[in-house]
Amino acid sequence: DVKVTQSSRYLVKRTGEKVFLECVQDMDHENMFWYRQDPGLGLRLIYFSYDVKMKEKGDIPEGYSVSREKKERFSLILESASTNQTSMYLCASSFTPGDTEAFFGQGTRLTVV
Amino acid sequence: KQEVTQIPAALSVPEGENLVLNCSFTDSAIYNLQWFRQDPGKGLTSLLLIQSSQREQTSGRLNASLDKSSGRSTLYIAASQPGDSATYLCAVTGSARQLTFGSGTQLTVLP
Chain A
1 DVKVTQSSRY
11 LVKRTGEKVF
21 LECVQDMDHE
31 NMFWYRQDPG
41 LGLRLIYFSY
51 DVKMKEKGDI
61 PEGYSVSREK
71 KERFSLILES
81 ASTNQTSMYL
91 CASSFTPGDT
101 EAFFGQGTRL
111 TVV
Chain B
1 KQEVTQIPAA
11 LSVPEGENLV
21 LNCSFTDSAI
31 YNLQWFRQDP
41 GKGLTSLLLI
51 QSSQREQTSG
61 RLNASLDKSS
71 GRSTLYIAAS
81 QPGDSATYLC
91 AVTGSARQLT
101 FGSGTQLTVL
111 P
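The listed protein sequences correspond, in order, to chains A and B. Here the first sequence stands for residues 1 to 113, numbered as in the working numbering. Here the second sequence stands for residues 1 to 111, numbered as in the working numbering.
Hint data in this document are derived by calculation from the structure and do not stem from the laboratory. Be careful, since some hints might not be right.
[Said to hold, decoys possible] Some but not every residue of chain A turned toward chain B, in silico, with C-beta under 7 Å: (1) V19; (2) G42; (3) L45; (4) L90.
[As the list claims (entries may be wrong)] The list that follows gives simulated cross-link-like pairs (lysine-lysine, DSS-like), each with its CA atoms no further than 27 Å apart: (5) A:K57 / A:K3; (6) B:K42 / A:K13; (7) B:K42 / A:K57.
We put the beta carbon where it would ideally sit given N, CA and C, even for glycine.
Looking at chain A on its own, in the form it has when it is part of the complex:
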């Protein structure tokens, strides 16, 4: 089975901190995605990557950056955490763009205080 693993289930950080959310997949997938999920707003795409060292902005990239140094790992970085970044963050991966099933990690509930 495909496994997408997010490094933390729950995180509490202070305003202004630099925050790293890590995601690892074990199926040699080319594509990796970061979403945030908020009540009433659904899932929104932050960034995605189709290859190592490649990244594309999604719908809401402001305040975030990403890093993909290895194929299996995709990191989401909050440069200076703010309270409006309190959310559920979900990582996903898939084999080829649009052609195959997307698999999600278990989610990271981030609270910024």
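Given the coordinates of chain A, work out where chain B should sit on it, guided by the hints.
Okay, now just chain B, sitting in the frame of chain A:
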């Protein structure tokens, strides 16, 4: 821009009923449509993937259909059980190769 709508937003049924969840999308130029399940506070679990050339997919008590030309998909759940209680999300992959999600249907199956 692709928009995905799911109706109803919430549904409560007694155990054993067959039920249908609906998903519609505005741009028919899609690669595929995927149905997910999400339990409270958890990630998404993939249920079914329908490629744009397919009309339906089945897995156990679940059957999903796709009518690309009309921009509609349905998820049929047979003989519902309390363990089916969750939020069900549909998502389409379009020309931008990104998943666009609906807002979900929250299903409660009463014992």
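Taking the hints in turn, this is what the structure says about them:
Because the closest C-beta pair between V19 of chain A and chain B is about 19 Å apart, greater than 7 Å, the hint is violated. Taking 7 Å as the C-beta contact cut-off toward chain B, the hint placing G42 of chain A at the interface holds, the least distance being around 5 Å. Interface hint status for L45 of chain A: upheld, as the beta-carbon distance to the closest one in chain B is roughly 6 Å, under 7 Å. For L90 of chain A, the shortest C-beta to C-beta distance to chain B is roughly 6 Å, which falls under 7 Å, so the interface hint holds.
Taking the CA atoms of K57 of chain A and K3 of chain A, the gap is near 24 Å; set against the 27 Å cutoff, the hint holds. Proposed proximity of K42 of chain B and K13 of chain A is supported: the alpha carbons are some 20 Å apart, at most 27 Å. Between the alpha carbons of K42 of chain B and K57 of chain A the distance comes to roughly 25 Å, so the proposed pair stays at or under 27 Å and holds.
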